[in-house]
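Student: So you can see what is in the structure, the chains are spelled out below.
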Amino acid sequence: MTDIEKTIEIEVMRYHPEQDASPVFKTYRIPYASDQSVLQGLQYIKDYIDGTLSFRWSCRMAICGSCGVMINNQPKLSCKTFLRDYYPGKIRVEALQHLPIERDLVIDATDFINKLESIKPYIVPREARSLEQGEYLQTPEQLARYEQFSSCINCMLCYAACPQYGLKPEFTGPGVLALLHRYNADSRDGARADRMQIVNAEEGVWGCTLVGYCSEVCPKQVDPAAAVNRNKVNSTLDYFLRFLMPGGGESG
Amino acid sequence: MMKRSNEPVFWSLFGAGGVVAAFLLPMLIFITGIALPLGILPPEALAYDRIHSFASGWPGKLFLLAVISLPLWQSAHRIFLSLHDLGIHRGREFCRWLCYGTALLGTLIPLILLIRI
Amino acid sequence: MSKRRPYVRPMDGWWLKNPYYVRYMSREATSLFVGVYALILLAGMVSLACGETAYNNWLMAMTNPVSIGFHLAALAAAIYHTITWFAVAPKVMPALFLAGKRVPDIAITTTQYAIAVVLYLGLFCMVWRV
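Residue numbers (this note's numbering), protein chains in the order written: chain A, 7 to 258; chain B, -10 to 106; chain C, 63 to 192.
Just so you know, these hints were derived from the structure itself, not from any lab.
Bear in mind the structure is a predicted one, so any value in this text is a computation, not a measurement.
Any given hint could be a false lead.
As the list claims (entries may be wrong) - With a straight-line Cα cutoff of 20 Å, these simulated DMTMM-like cross-link-like pairs (lysine to aspartate or glutamate) come out:
1) B/Lys(-8) - A/Glu123
2) B/Lys(-8) - A/Asp200
3) C/Lys65 - A/Glu24
4) A/Lys174 - C/Asp74
5) A/Lys226 - C/Asp167
6) A/Lys226 - A/Glu153
7) A/Lys86 - A/Glu222
8) C/Lys153 - A/Glu153
9) C/Lys163 - A/Glu153
10) B/Lys(-8) - A/Glu208
11) A/Lys174 - B/Glu82
12) A/Lys126 - A/Glu208
13) A/Lys174 - A/Glu208
14) A/Lys174 - C/Glu90
15) A/Lys52 - A/Glu108
16) C/Lys153 - A/Glu147
17) C/Lys79 - A/Glu222
18) B/Lys50 - C/Glu114
19) C/Lys65 - A/Glu108
20) A/Lys32 - A/Glu15
21) C/Lys79 - A/Glu17
22) A/Lys174 - B/Asp74
23) B/Lys(-8) - B/Glu82
24) C/Lys153 - A/Glu222
25) C/Lys65 - A/Asp114
26) A/Lys126 - A/Glu153
27) B/Lys(-8) - A/Glu176
28) C/Lys79 - B/Asp74
29) B/Lys(-8) - A/Glu209
30) A/Lys96 - A/Glu11
31) C/Lys163 - A/Glu147
32) C/Lys65 - A/Asp26
33) A/Lys52 - A/Glu17
Claimed, not checked - Short, incomplete list of chain B residues facing chain A, as computed with Cβ under 7 Å:
34) Met(-9)
35) Lys(-8)
36) Arg(-7)
37) Ser(-6)
38) Glu(-4)
39) Pro(-3)
40) Ser1
Idealized CB from N, CA, C, for every residue including glycine.
Modelling step: build the complete structure from the supplied sequences, incorporating the hints.
Tutor: Structure representation (structure tokens):
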């Protein structure tokens, strides 16, 4: 049998806020090909079976971070996950766990975006330099201290992996804290004291219980669990050092 | 502005307890709870005179305090956080006092006894 | 008027829905054994302070089959705690750099196991040497 004749079943979470009290699942049978991604499967459904299916996607190459969904209960980028990994079994696609569902597979990212904004996700120069003074130099070690954390593509798979975020949505969460660490760990940055106020809070790193699943599902090997938990050490030092040092710790 | 959490106090004790539990507890459990009662170790190994003199010296006092108190803080912290994980929110403050209160008593009692030995 | 009605899914029984979460909850559950064992040691400590008769009664209680059964389970729990503790320690410790390069997680975990084995053997030999 050639790939053309093979089919695979995809069970998709549907939620229409004007009609459904809660999400329901609908099963679709689509043509199978070994080189097809789950995203292409969803696109097939939308193009040929049911045009009302809603989902986000853009780049199709695991860099835009918009196509995250739950695939067989695991947070994944649908463009980076292939039908062949499940064939001949059934595939079950749901909206990202722990996030409010807007419609079908589309989640409401407002909370994530607000939190992302709150941590100043940009370099606040430690010292102002004029153009004539040239660029900010870094050693390879200074680069290595933050580089992996700068790979984050804001796909929110780690939020779908984090039960603590599901249990208490006020928790800043793995991805945003990893980005916070990315800037705090950068030798050029000077806004560490501001960001430590977020780190030190209950809603900051202390909302984490090191489940560790966030780092497991990250499609960019960012390791948010490491970023969050190393900042528990930073926060602890900050907590006790303020008693020892006149003028307090980094954030008073 | 967000409020600074007091978690660093409990997390430090939890961390110290976790380290003690990982590096000492498996062997300690084997010695006191399995090897000695089953006769794998001779009964003199943990005889009263021997342990009493061990508890009389400062290294012994520190060791005993560490293996009793710190794992209790580790355990108290995890149990308290697990209640939240399990969705048990009733009597949260009572549970907090019960968990950490037990650990505090488990620190003060051996501390006082060891100083007096 | 907005037709939005974002749906928030319930969290009931979340820890059973993914094997990763089951392992996490098992890790947290080891603390029950750790706590009870520390309380048993505390009882031993109190009996030691009370005198020889009380201490010998504590030693006698430890030979009860129920006690031995508990300690076998506690040993398994403690070993599971140790494995999970060493696995996550590299994520908690400040990043270590040697000659400008990050020390890999596996090196840190392996070093901890080596130290643990030395401590376990040291402790056993110390008790053994009567």
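Student: Against the 20 Å threshold, does the CA-CA distance of B/Lys(-8) and A/Glu209 hold or violate the hint?
Tutor: holds, 9 Å
Student: Holds or violated: are the alpha carbons of B/Lys(-8) and A/Glu208 at most 20 Å from each other?
Tutor: With Cα atoms ~7 Å apart, B/Lys(-8) and A/Glu208 stay inside 20 Å; holds.
Student: Decide if the proposed pair is consistent with the structure: A/Lys226 and C/Asp167, CA atoms, cutoff 20 Å inclusive.
Tutor: Cα-Cα ~17 Å, so holds.
Student: Does A/Glu17 sit within 20 Å of A/Lys52, going by the straight-line distance between their CA atoms?
Tutor: holds, 13 Å
Student: Can the restraint linking A/Lys226 and A/Glu153 be considered satisfied, given a maximum Cα separation of 20 Å?
Tutor: holds, 12 Å
Student: Checking one constraint from the list: CA of A/Lys52 to CA of A/Glu108, max 20 Å. Satisfied?
Tutor: holds, 18 Å
Student: Using the nearest Cβ pair, does B/Met(-9) come within less than 7 Å of chain A?
Tutor: Because about 4 Å separates B/Met(-9) from the closest Cβ in chain A, which is inside the 7 Å limit, the hint holds.
Student: Decide if the proposed pair is consistent with the structure: C/Lys163 and A/Glu147, CA atoms, cutoff 20 Å inclusive.
Tutor: holds, 7 Å
Student: Does B/Ser(-6) pass the interface check with chain A, least Cβ-Cβ distance below 7 Å?
Tutor: holds, 4 Å
Student: Between C/Lys163 and A/Glu153, does the CA-CA distance stay at or below 20 Å?
Tutor: holds, 13 Å
Student: Would the hint linking A/Lys86 and A/Glu222 be met if the CA-CA limit is 20 Å?
Tutor: OK: A/Lys86 and A/Glu222 at ~15 Å, within 20 Å.
Student: Please work out if A/Lys174 and A/Glu208 have their alpha carbons no farther apart than 20 Å.
Tutor: holds, 11 Å
In the structure shown, no violation is registered for any of the earlier numbered hints.
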